[in-house]
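Peer 1: Everything in the sequence shown is counted per our numbering, starting at 43 for the first residue and increasing by one.
All the pointers check out, no bait thrown in.
Beta-carbon label-pair distances, calculated as ranges: (1) M43 to P258: 32 to 42 Å; (2) G76 to P247: 51 to 61 Å; (3) P247 to G362: 18 to 28 Å.
Note that these hints are calculated values from the structure, not bench results.
The C-beta atom is built at its ideal place from N, Cα and C for all residues, glycine as well.
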Amino acid sequence: MRIAFLDSWHEETARGSGTAAGIAGLARGLEALGHEVARLRPRWRLPGLTLRRLLYNAELPLRLDPRAFDLIVGFDLDGFLLPRAPDVVCLKGVAAEEMAFEAGWPRLRLGFLARLEGRNARRARRVLVPSGHSLRAASGAYSLPAGQIAVVPEGIDLAPWDALRAAHGPRRGAPPVILSVARQYARKNTAALLEAMPAVRAEAPGALLRVVGGGPMLRALERRAAELGLGGAAAFLGELPRDEDVRREYLAADVFCLPSLQEGFGIVFLEAMAAGLPIVAARAGAVPEVAAEGEAALLVPPGDTAALAGALARLLRDTGLRARLGEGGRRRVRRYGWPEVARRFLEEAGRAGPGS
43 MRIAFLDSWH EETARGSGTA AGIAGLARGL EALGHEVARL RPRWRLPGLT
93 LRRLLYNAEL PLRLDPRAFD LIVGFDLDGF LLPRAPDVVC LKGVAAEEMA
143 FEAGWPRLRL GFLARLEGRN ARRARRVLVP SGHSLRAASG AYSLPAGQIA
193 VVPEGIDLAP WDALRAAHGP RRGAPPVILS VARQYARKNT AALLEAMPAV
243 RAEAPGALLR VVGGGPMLRA LERRAAELGL GGAAAFLGEL PRDEDVRREY
293 LAADVFCLPS LQEGFGIVFL EAMAAGLPIV AARAGAVPEV AAEGEAALLV
343 PPGDTAALAG ALARLLRDTG LRARLGEGGR RRVRRYGWPE VARRFLEEAG
393 RAGPGS
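Build the full structure now, drawing on both the sequences and the hints.
Peer 2: So this is what it looks like as structure tokens:
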């Protein structure tokens, strides 16, 4: 089967959060099953993602010949200007939900994108989302009937994680390291992790925090870390250029923490489990679906900084609990390998009803 991916997202995974990795991984998974995937990418490298996406969609009707493909897949808003809607729209996030957790320009931008995303989803024959939480959010925000929308989770390529973990061996030595990986928006709530660090360090002296990812909140977070007196105890690494660099950060850590207030899925939790890291996160959005509480993670109430600090300190003190949750995560992540996810994608995409 010939499949077209309409994808205006950043190609670089360092800039595109987990979305770019998810799109590329699905393409590889489908190709491994014997299908041909053509990714129609933007022709220009523009500084602003929103402008890039709008220009891409403006020219897409001139580039795409729908007769050349058996299945046309649009991601988020991609395809909203096509005379014939994409067969399948994959919502990697639900912009209408995300905007509620932002302010200023990010909120305005997401509100605008949500209108285009909703139009694209309503016209599609099938809408696929990565979690039950996203299904409920998209169904309500975009008025999608139950028969039009289904869940296909994100996936992960486990081979490089397994190889690097085998070569790396178990982490030994001090000080304990907490890792957080995210594109820094307000909804990722990295600020709460910074606020928790003084209490964590009181219980686990010498504990360090390493934060990977750029984004609009990065400079404000750096300033807040300085105000809290964290100094060298909080390192902001920004965008790392290679996937292997990011994997090495996971393998050099003891605990993974991302206390997001909203997640449509959270690929970083798959990455943490693939690295064998126990997870501390907020009980919000799709997080409990991915980072199962008691199996791979300790979850705390959203916005509860004291509970967040307590969970982190508990894990840093209790090597047995860290090992148990890490092993639980390694077992759990096996269900998210790309071959299985790609097969599920094809199954759900094949259930498309009449389109517009």
